[in-house]
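Number of protein chains: 2
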Amino acid sequence: MSSTWKLQPQNPVPSDIEVSRSLKDSILPISTIASNLGLTPSQYHPWGPSKAKISLSTLPPSPKSNYVVVTGLNPTPLGEGKSTTTIGLAQALQASLGYKCVACIRQPSQGPTFGVKGGAAGGGYSQVLPMEEFNLHLTGDIHAVTASNNLVSAALESRMFHESSQTSTALYSRLIKNNTFSTVQLERLKKLGIEKNNPQSLEEDEIERFARLNINPETITWNRVLDTCDRHLRGITVGTGSKETVKKEPGSTERVQHSRETGFDITVASEIMSVLAVSTSLSDLRERLSSMVIGFSYDNIPITTLDLGVSGALTVLMKDALMPTLMQTVERTPVLVHAGPFANISLGNSSVVADKIGAGLVGEDGYVVTEAGFGADIGMEKFFNIKCRKSNLIPNCVVIVATIRALKMHGGGPEVKAGKVLADEYKTMNVGLVEKGMDNLIRHIINARKFGVKVVVAINKFKTDEDEEIEIVKRMSLEAGAEDAVMSNHWEEGGEGARELAQAVVEACSKSNPEDFKFLYELNLPVKEKIEIICKEIYAAEGVDYSEKAEHQITEYEKNGFGDLPICMAKTQYSFSTDPTKKGAPINHRVLIREIRSCVGAGFLYPIAGDIMTIPGLPTRPGFYDVDVDVETGEVLGLF
Amino acid sequence: MSSTWKLQPQNPVPSDIEVSRSLKDSILPISTIASNLGLTPSQYHPWGPSKAKISLSTLPPSPKSNYVVVTGLNPTPLGEGKSTTTIGLAQALQASLGYKCVACIRQPSQGPTFGVKGGAAGGGYSQVLPMEEFNLHLTGDIHAVTASNNLVSAALESRMFHESSQTSTALYSRLIKNNTFSTVQLERLKKLGIEKNNPQSLEEDEIERFARLNINPETITWNRVLDTCDRHLRGITVGTGSKETVKKEPGSTERVQHSRETGFDITVASEIMSVLAVSTSLSDLRERLSSMVIGFSYDNIPITTLDLGVSGALTVLMKDALMPTLMQTVERTPVLVHAGPFANISLGNSSVVADKIGAGLVGEDGYVVTEAGFGADIGMEKFFNIKCRKSNLIPNCVVIVATIRALKMHGGGPEVKAGKVLADEYKTMNVGLVEKGMDNLIRHIINARKFGVKVVVAINKFKTDEDEEIEIVKRMSLEAGAEDAVMSNHWEEGGEGARELAQAVVEACSKSNPEDFKFLYELNLPVKEKIEIICKEIYAAEGVDYSEKAEHQITEYEKNGFGDLPICMAKTQYSFSTDPTKKGAPINHRVLIREIRSCVGAGFLYPIAGDIMTIPGLPTRPGFYDVDVDVETGEVLGLF
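Going line by line, the protein sequences match chains A and B.
Be aware that the first sequence starts at 21, since it is given in the numbering used here, and climbs by one per residue.
Be aware that the second sequence starts at 21, since it is given in the numbering used here, and climbs by one per residue.
Worth flagging that the hints you see were computed from the coordinates, not collected in a lab.
These numbers were taken from a predicted model, which means no experiment stands behind them.
Among the hints, erroneous ones may be present.
Just so you know, same-sequence chains aren't split out, so a pair can sit in one copy or run between any two.
Stated by the list, open to error - Quick list of in silico lysine-lysine cross-link-like pairs, DSBU-like style, CA-CA up to 35 Å:
no., residue 1, residue 2
1, Lys267, Lys569
2, Lys556, Lys437
3, Lys602, Lys548
4, Lys44, Lys579
5, Lys263, Lys556
6, Lys44, Lys210
7, Lys483, Lys197
8, Lys268, Lys548
9, Lys268, Lys569
10, Lys531, Lys267
11, Lys481, Lys197
12, Lys216, Lys440
13, Lys263, Lys602
Go ahead and model the full structure; you've got the sequences and the hints to work with.
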């Protein structure tokens with residue numbers, strides 16, 4: 021069946037969920053997909069009928085394959101089809117050209133699925149099946165992040181609560197069980213430089229240092245998380261219950277509320293999601309989950325998850341999540357879905373583990389196609405400078421997805437807004453706007469080449485695109501240094517629609533030389549210098565300004581030994597600049613860094629250059645109004 | 021291998037996680053357990069190597085099997101081993117006596133696993149394997165409840181937010197998409213008595229009624245939930261963020277914060293968990309998820325999840341959770357793990373679906389052993405009056421678990437407290453205390469017999485128990501009307517240790533007559549009368565008092581048509597009375613009902629008779645200090 025079966029796309033293309041449902045009976049058992057990849061039954065675990073988790077025993081030490089990253093120009097708010105192109109290209113490489121191929125994509129946040137965004141499984145005839153399982157619980161990884169993140173919060177809050185009402189001696193006696201230190205407690209002792217194993221042998225000052233974290237609540241940067249678009253949780257006061265009170269002072273009979281201003285983020289913004297994305301093994305995961313900084317003590321010492329005693333428990337909660345999830349596309353191409361860190365304040369890339377396992381499975385002649393979120397100025401830059409640095413994988417080719425629509429917007433077309441009717445300029449031929457908008461794409465092409473990687477432009481085809489418009493993109497892309505620029509119709513036709521794109525990618529990979537690949541900056545440069553390299557080289561900014569707060573934070577981070585971390589910029593995806601309305605290729609702009617936060621566990625600093633929203637809201641009529649189940653058949657309805 | 025293999029218990033019994041690990045290689049693939057039960061591959065889905073979800077297609081219309089419920093006397097804070105006895109009895113029935121048997125138990129809350137409670141998979145040589153998977157994410161059902169519950173909260177909060185700043189006409193135009201009503205909107209119209217399908221045809225007053233829920237925030241009873249012991253979330257203020265503001269009045273330029281006092285509960289206290297426990301099919305699930313009352317409008321109209329438009333989306337989120345999870349015991353007995361509603365404010369019983377599927381799988385000569393949480397005065401009473409009423413399954417036999425320790429406490433022994441050294445009375449023979457404490461057990465025996473069901477007492481053996489003490493329990497239990505009273509040593513010996521108990525249960529079942537079974541009250545009685553029957557017949561209370569609030573609520577519920585629901589008492593498990601310190605068999609006590617809440621979706625009213633804590637805290641040294649992973653082998657350490 022599998023060798024003769026061929027996708028028969030319908031025209032016009034039905035809705036994503038209808039495509040998904042219509043192919044329900046033609047997808048293969050996930051065990052067949054696994055076995056086609058050469059996995060033995062002990063190397064994967066089915067998780068329901070259409071998903072499987074891949075064991076970390078399949079993680080190769082230094083895999084080699086063709087490695088392709090899909091990114092895009094600065095998008096319109098409607099999105100330009102990066103995920104769809106990633107899936108379509110993988111389908112073309114495998115089903116049309118016969119290469120072994122794995123697509124690696126992020127797990128989408130469930131919250132926005134019920135809000136305005138809809139699904140993220142690709143679309144049309146380039147999507148992951150079943151799309152409803154992809155978009156909802158999947159194999160529980162995001163839920164595991166929620167549980168882990170909030171265990172840290174509970175540990176943090178209750179530790180402050182207990183410290184506020186107990187002497188150090190009382191705290192210490194309660195912290196010691198059966199007169200022995202637990203593993204995490206021994207690790208904390210070591211960190212404090214107290215080389216003792218017997219709880220009886222600590223001096224009074226050592227007891228004080230060990231038992232009291234002395235957290236300054238003003239410095240806490242750790243938020244609780246939920247994978248729900250609940251904007252009223254952005255700012256909250258916790259601890260207002262009648263029992264969350266403590267003595268005003270030692271010995272006092274007066275009690276005061278033990279409350280605090282804080283907030284929730286959406287789960288994919290949790291540092292633990294970033295940790296999942298960059299971890300390379302179970303021991304690396306544990307190490308990272310130990311070193312997350314949640315705030316500072318009154319003496320300005322960074323307080324970590326290790327200090328809270330939760331690192332082992334977090335690793336237990338996250339160990340299954342470290343296994344990527346195997347699914348398949350509408351053309352039975354294997355897909356590894358893994359991690360989904362927010363693109364604004366985090367990496368916006370799927371996991372290191374999935375890409376490495378994928379490379380091992382497809383082998384030297386095969387292809388791993390992975391996606392980098394947001395525009396290339398953010399997603400691709402982070403992919404190269406952060407993700408590739410952690411994975412040691414060397415990319416051969418960047419695919420930059422462009423649409424005529426987005427190019428026209430960059431060329432000066434009217435505002436494009438979700439839920440608003442698209443202006444006529446976008447529906448009829450307008451060569452001038454396209455030509456002018458090429459500024460944006462060209463800068464991304466030049467940027468990509470700075471890393472020593474081959475570039476292919478994929479023009480994601482819309483019905484309204486005209487040949488002349490497409491010709492401009494092709495010509496100007498080649499002039500800017502792209503290996504090729506190809507129109508692709510995978511949404512409508514599946515892999516066959518991306519055959520030409522796949523051929524261009526194969527060609528570009530064959531010409532690439534791994535030795536050409538280079539990072540944009542070295543880690544041992546001062547923090548400010550690294551930020552400035554990104555802003556000048558990638559955004560074409562004139563310079564960078566820092567708030568007083570940011571200046572202070574840089575000093576503190578460098579003092580605490582975090583200065584060598586790579587930089588993960590938090591900036592709008594709608595412009596090269598920090599002003600989302602500046603389209604095209606703005607110059608002479610400056611970047612203002614308001615503050616810099618740290619993700620020490622995940623291993624980066626993130627300067628904040630713009631408004632960052634870490635929990636979306638729901639519109640008056642959220643997407644959930646259409647979502648339902650046929651209670652007779654169990655089929656999901658209304659996801660899009 | 022499976023026919024000749026036999027459990028070889030070690031002595032002394034290692035810790036639960038060590039037992040679990042030592043048997044890692046002797047457990048069967050979950051597909052073998054499934055196939056031994058007669059399930060075909062299409063009837064179940066493996067979920068990792070040691071768990072599977074059972075398809076609802078296996079749900080039989082009116083299954084018959086022997087149906088045994090395990091409950092207990094009023095326990096000490098250390099617990100008397102109901103879960104362990106449930107598992108041990110099932111092992112004995114299958115492995116020792118050769119009957120087909122399925123044990124049905126609740127999924128434990130993950131929060132307390134990291135706090136003080138530890139695991140809930142049974143213990144010693146009567147437990148579910150692998151215990152770490154049982155105690156942690158399992159197959160994601162609790163996570164699905166968290167996600168669903170909090171989608172309701174987000175929908176509720178943002179609906180109030182949008183209503184506060186929009187006219188009804190504006191709201192209406194935003195609520196209507198593509199000029200059609202969605203299914204949930206049509207259902208709401210029907211509920212409002214507006215029999216129209218065309219959005220253009222509504223009159224102005226109909227638009228007003230449809231578009232504006234007009235929720236009175238003071239009446240909201242719906243809390244957010246997390247499966248984490250985070251006591252600082254018990255009371256919170258939401259909506260304190262800088263963007264959660266609304267105009268003070270229409271047309272006003274002054275803005276005020278859109279904030280509100282509310283709180284979180286632990287996930288197992290969510291009404292959605294109760295709904296999961298009682299649902300009988302996918303359509304029943306959807307119906308229940310539509311009818312949950314979250315609060316009242318300013319006109320005192322109950323506002324439901326249907327009105328919020330989320331019922332379809334909730335069903336999508338919960339549809340996989342409706343499938344019970346198959347696991348196995350240390351002796352390869354099949355176990356269905358499903359739902360875990362809080363025993364205090366909810367049922368404290370596992371799901372109707374799991375018991376019915378279990379009965380269908382073991383057949384007429386087989387045994388379903390199910391567990392009811394808390395003491396028999398709560399768990400068993402709710403099992404009979406609520407769960408059996410929804411399932412139509414007729415129980416044959418009640419097993420009441422007792423320990424010499426708990427009996428001595430009821431007889432006047434010193435206080436038993438977690439973390440405190442046990443007094444000498446509990447370690448040396450004391451016939452007098454046991455004899456006096458039998459008051460408590462005897463009343464439970466008499467209560468169980470009021471339902472027309474046979475009673476077997478299981479004395480869960482501890483090392484310190486003396487023969488004379490056990491003889492007293494046996495003699496007095498038989499005198500009180502138990503069919504048998506048997507000492508059981510399943511913790512140490514596995515099923516073989518419960519062989520005699522299993523024989524007594526088989527004997528009791530063979531004598532039982534389904535026609536003897538009766539409920540304690542009829543649903544159509546007035547609410548107060550139902551409450552009084554429970555308090556007088558089960559708790560031996562002299563009478564019931566109601567606060568003014570409770571009186572008012574009863575009137576409102578009866579007016580809104582909720583008066584016919586069964587009663588789910590929220591009361592301490594440590595005493596028959598509402599005072600946890602009153603041990604034995606108190607008389608002349610009165611029950612004060614402070615308030616009565618409704619779970620209309622799950623289908624019960626719950627009167628609150630005592631302090632109810634719906635989110636536990638963490639001690640100074642929580643259990644997570646010991647929990648870790650061996651990063652080389654992936655083995656979980658330190659769960660207990």
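Checking Lys602 and Lys548: alpha-carbon separation at most 35 Å within a copy, between copies, both or neither?
The answer is within: 24 Å in one copy meets 35 Å, while 68 Å across copies does not.
Within, between, both or neither: Lys263, Lys556 at alpha-carbon 35 Å
Intra 53 Å, inter 33 Å, cutoff 35 Å: inter-copy only.
Intra- versus inter-copy proximity for Lys569 and Lys267 (alpha-carbon distance at most 35 Å)
Close inside one copy (34 Å) and across copies (32 Å); limit 35 Å.
Up to 35 Å CA-CA - Lys197 versus Lys481, copy category:
between (65 Å within a copy, 27 Å between copies)
Evaluate Lys263 and Lys602 at a C-alpha cut-off of 35 Å and name the case that applies: within, between, both or neither.
between (52 Å within a copy, 24 Å between copies)
Alpha-carbon proximity context of Lys268 and Lys548, limit 35 Å
Neither: 43 Å inside a copy, 44 Å across copies.
State whether the alpha carbon distance between Lys44 and Lys579 is at most 35 Å within one copy, between copies, both, or neither.
neither (56 Å within a copy, 48 Å between copies)
Since the copies are identical, ignore which copy is meant and state whether Lys216 and Lys440 lie within 35 Å (CA to CA) inside a copy, between copies, both or neither.
between (66 Å within a copy, 28 Å between copies)
For the identical chains here, do Lys556 and Lys437 meet the 35 Å Cα criterion within one copy, between copies, both, or neither?
Within one copy only: 29 Å inside, 65 Å across.
For Lys268 and Lys569, with the copy left unspecified, which applies at a CA distance of at most 35 Å: within, between, both, or neither?
both (32 Å within a copy, 34 Å between copies)
Can you give me the call for Lys531 and Lys267, within, between, both or neither, at a CA distance of at most 35 Å?
The answer is neither: 71 Å in one copy and 61 Å across copies each exceed 35 Å.
When no copy is named, should Lys44 and Lys210 be tagged within, between, both, or neither for a Cα gap of at most 35 Å?
So Lys44 and Lys210 pass the 35 Å test across copies only (34 Å; inside, 55 Å).
Hint violations for this structure: numbers 4, 8 and 10, all remaining hints satisfied.
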